[in-house]
Amino acid sequence: MSILYLVVQQTMFFSIPLLIVALGGVFTERSGVTNIALDGMMIMGAFTSIFFINQMQSTMSGQLLLLIAILIAVVTGVVFSLLHAYASVNMKSDQIISGTALNLFAPAFAIYVARMIQENGVQQITFSNTFRISSVPVLGDIPILGGLLFKNAYITTYIGLLILVISVIVLYKTRFGLRLRACGEHPHAADSVGINVYRMRYAGVMISGGLAGLGGLVFVIPTSTQFNATVSGYGFLALAVMIFGQWKPMRVLFAAFFFGLMKTIASAYSVIPFLSTAQIPSDVYKMIPFIATLIVLAFSSKSSQAPRAVAVPYDKGSR
Amino acid sequence: MKKFLVLLLAFAMVFSLAACGGTEPAPDDDGEPVAEGYEIAMITDIGSIDDKSFNQGTWEGIVAYAEENGITHKYYKPTEQTTDAYLASIQLAVEGGAKVVVTPGFLFEEPIFIAQDMYEDVNFILIDGNPHNADYTEFRTNDNAVGIVYAEEESGYLAGYAAVKDGYTKLGFMGGMAVPAVVRFGYGFAQGAEAAAAELGIPSIELKYHYTGNFDATPETQTLATSWYAEGVEVIFACGGLVGNSVMSAAEASGAAVIGVDVDQSSESETVITSAMKGLAASVQSALEAYYAGNFPGGEALVYGAAQDGVQLPMETSKFENFTQADYDAVFADLVAGNIKLVKDTDASGKEMTLNDLGLSIVKATLVE
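Protein sequences appear in the order of chains A and B.
Its first residue numbered 2, the first sequence is counted upward by one per residue in the numbering used here.
Its first residue numbered 3, the second sequence is counted upward by one per residue in the numbering used here.
Hints were generated in silico from the structure; no laboratory data involved.
Misleading hints may appear alongside valid ones.
Unchecked claim - Computed cross-link-like contacts, BS3-like style, restricted to lysine-lysine with a CA-CA straight-line distance of at most 30 Å:
1) A:Lys152 x B:Lys172
2) B:Lys366 x A:Lys287
3) A:Lys152 x B:Lys321
4) A:Lys287 x B:Lys172
To be verified - Residues from chain A shown here face chain B by an in silico Cβ test under 10 Å; the list is partial:
5) Gln10
6) Pro18
7) Arg116
8) Gln125
9) Ser129
10) Asp284
11) Ala307
Said to hold, decoys possible - Sample of chain B residues facing chain A (criterion: CB under 8 Å; computed from the structure):
12) Ser50
13) Asp52
14) Met120
15) Thr220
16) Glu222
17) Gln224
18) Thr225
19) Glu233
20) Asn247
21) Ser248
22) Met250
23) Ala255
24) Asp266
25) Glu270
26) Ser271
27) Glu302
Computed from a predicted structure; not experimentally measured.
Using N, Cα and C, we set each Cβ at its ideal position, and we do this for glycine too.
My request is simple: use the sequences and hints to build the entire structure.
Here it is as structure tokens:
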């Protein structure tokens, strides 16, 4: 039973950052701007927020510090994403090029600045993890469910799930969401009924930046004791999750948990009773999410749910 | 405006590329800039100068010696991990006035083999390896080079011995890539645990054994470590650069213990009970001293073990309960005296050894793929 708890708890560490960042990807792509710079935005968000924790952890600790760090991560991501928004919306540049530039820029920037501003001149930013909740009061005592969801958890897990709920509501139940989706499907039609396409696309990119920045912080906190200017390519993995989830929040949730579970099993299969004797190399588990993505793409490409106008710069004059 | 943006993006890419790959000068270089440049040069291996492990340990030795004697020093970071890039960095260092080039890491074996012929009036100190050509058919160390390797198996032995003596019976070993140094650490660790268990009369010790395949902190490593701890592993010997940080993170969440590697890592996490150290700084200093004293051990292949103070545990910062300084001194003296024969990564004929060749009977080692 404790192994089951372990698998579920660890799956959260993989899935929640993927979920948050992939939801960011949904917003930007639904607005018609592709954003492959999610990885770079994760790095930037993690960089500023972890540095904040590093500086402030002597005076404060625990959930309050984490919440402020989350705010900083979101703001950093939003600001950084403005570069991408300006290039791809105002300047109508190739969005892949712009995203690539930001992905290359972010880790270099993080290393350079960390070395400049840290007293010891090193690129790693260390932090002490005071954010783990060993057991949520009351809820953690519920049999089974408490062990699965409310023990050895981080507040970011619940924030991630909250973001999912809000995303569903915003995308499908609000005027803003409808307009955003319209700009990703047929921007000229949206423009003809008075929607400001540029503003909508800015909003989509900025939301993705904010969520990616948050995802970077959420990714780093449980898995290391320092930040070394990398998120191990999870921004790109989140893109795969987004595609696997066919740009729909609830499917993205499913995809994120599927990826997370496979990642957990690939790492921890040696302690899972029936898998440790199965003699399947861990590489197989590592491959499964990607093979599944390929299969899903192969079968769904005819009825692909990708926003029609994604990655196409909006030009009022074109027809 | 569009042109301006294209330019801006182009600059952003060029800048970031340059920042990624450029040769970075030492940030805290106190040496006076003199006409002939920097006398002592270090080329970094995989990882940065502040990896809290190999590069940093070596660099600290250089800095300590150079600042004491007022010698200029600088490190160079190769653009990538290839022989050509290493050679380019060495060339840069030599053109920058280097008289002694220090290179940490066995990946430099081939570059130094070539460089020792190219720059005959420059001296090379190769840490953790001996020069050889690309296909291992020729091993040659010229008079202007010296190869220093450490008896990692002795360092690992001390750690394994101390852990079992201290009362741990369920152990884990998590190495980075299965490179010779890491393998020697792991095999020494297993043999040390075996020896201590035999002394204490413990009937059985469990050892989980794994190579992560990289030297990075990843969630995968953290998950694996957490799963080991959840299954009952009490202490993991984390042997591979940043791999240790993921293991420490897992240990903090699980309330378990970690053994660090290469340098004293106790400052990085409360969970580090001790570290299997190599005397990187000390050996670099002694080699530099020998060079400046005029008796550079050129052409030699030095092995620094316990007898040369090349390995140790940092007893002052260790968090042992039952393993005392006297115990440590006793086992260390045994190593120095050569009473303990250890199986390394290869035997005398060069055949690769496996876990089954270690002659373990009490320690039940399970290799986790």
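Under the criterion of a CB-CB separation shorter than 8 Å, is Ser271 of chain B in contact with chain A as hinted? holds, 6 Å
Does the CB of Ser129 of chain A sit less than 10 Å away from some CB of chain B? holds, 8 Å
Cut-off 10 Å, beta-carbon criterion: hint that Pro18 of chain A touches chain B: With a closest approach of 9 Å, the Pro18 of chain A hint holds.
Would you settle whether the hint for Glu222 of chain B is holds or violated, based on the nearest Cβ-Cβ distance to chain A being less than 8 Å? Holds - the Cβ of Glu222 of chain B comes within 8 Å of chain A, reaching about 4 Å at its closest.
Holds or violated: Lys152 of chain A with Lys321 of chain B, Cα cutoff 30 Å? Given that 30 Å is the threshold and the Cα spacing comes to 28 Å, the pair holds.
The hint names Met250 of chain B as touching chain A; please verify it with the least Cβ-Cβ distance against 8 Å. holds, 5 Å
Hint check: is the beta carbon of Glu302 of chain B less than 8 Å from a beta carbon of chain A? violated, 34 Å
Proposed interface contact between Asp284 of chain A and chain B, which counts if any beta carbon pair is under 10 Å: Cβ of Asp284 of chain A sits 9 Å from chain B, so the hint holds.
Interface restraint verdict for Ser248 of chain B against chain A (beta-carbon cut-off 8 Å): Holds. Min distance 6 Å.
Does the alpha-carbon distance linking Lys152 of chain A and Lys172 of chain B stay inside the 30 Å limit? With a Cα-Cα distance of about 25 Å, the restraint between Lys152 of chain A and Lys172 of chain B holds, given a limit of 30 Å.
Against chain B, run the beta carbon of Ala307 of chain A and see if the smallest gap drops under 10 Å. violated, 25 Å
May I ask you to test the interface hint for Gln125 of chain A with respect to chain B, counting a Cβ-Cβ separation under 10 Å as satisfied? At about 6 Å, which falls below the 10 Å cut-off, the nearest Cβ of chain B leaves the hint on Gln125 of chain A intact, so it holds.
Violated hints, in rising order: 11, 14, 24 and 27; the structure is consistent with all others.
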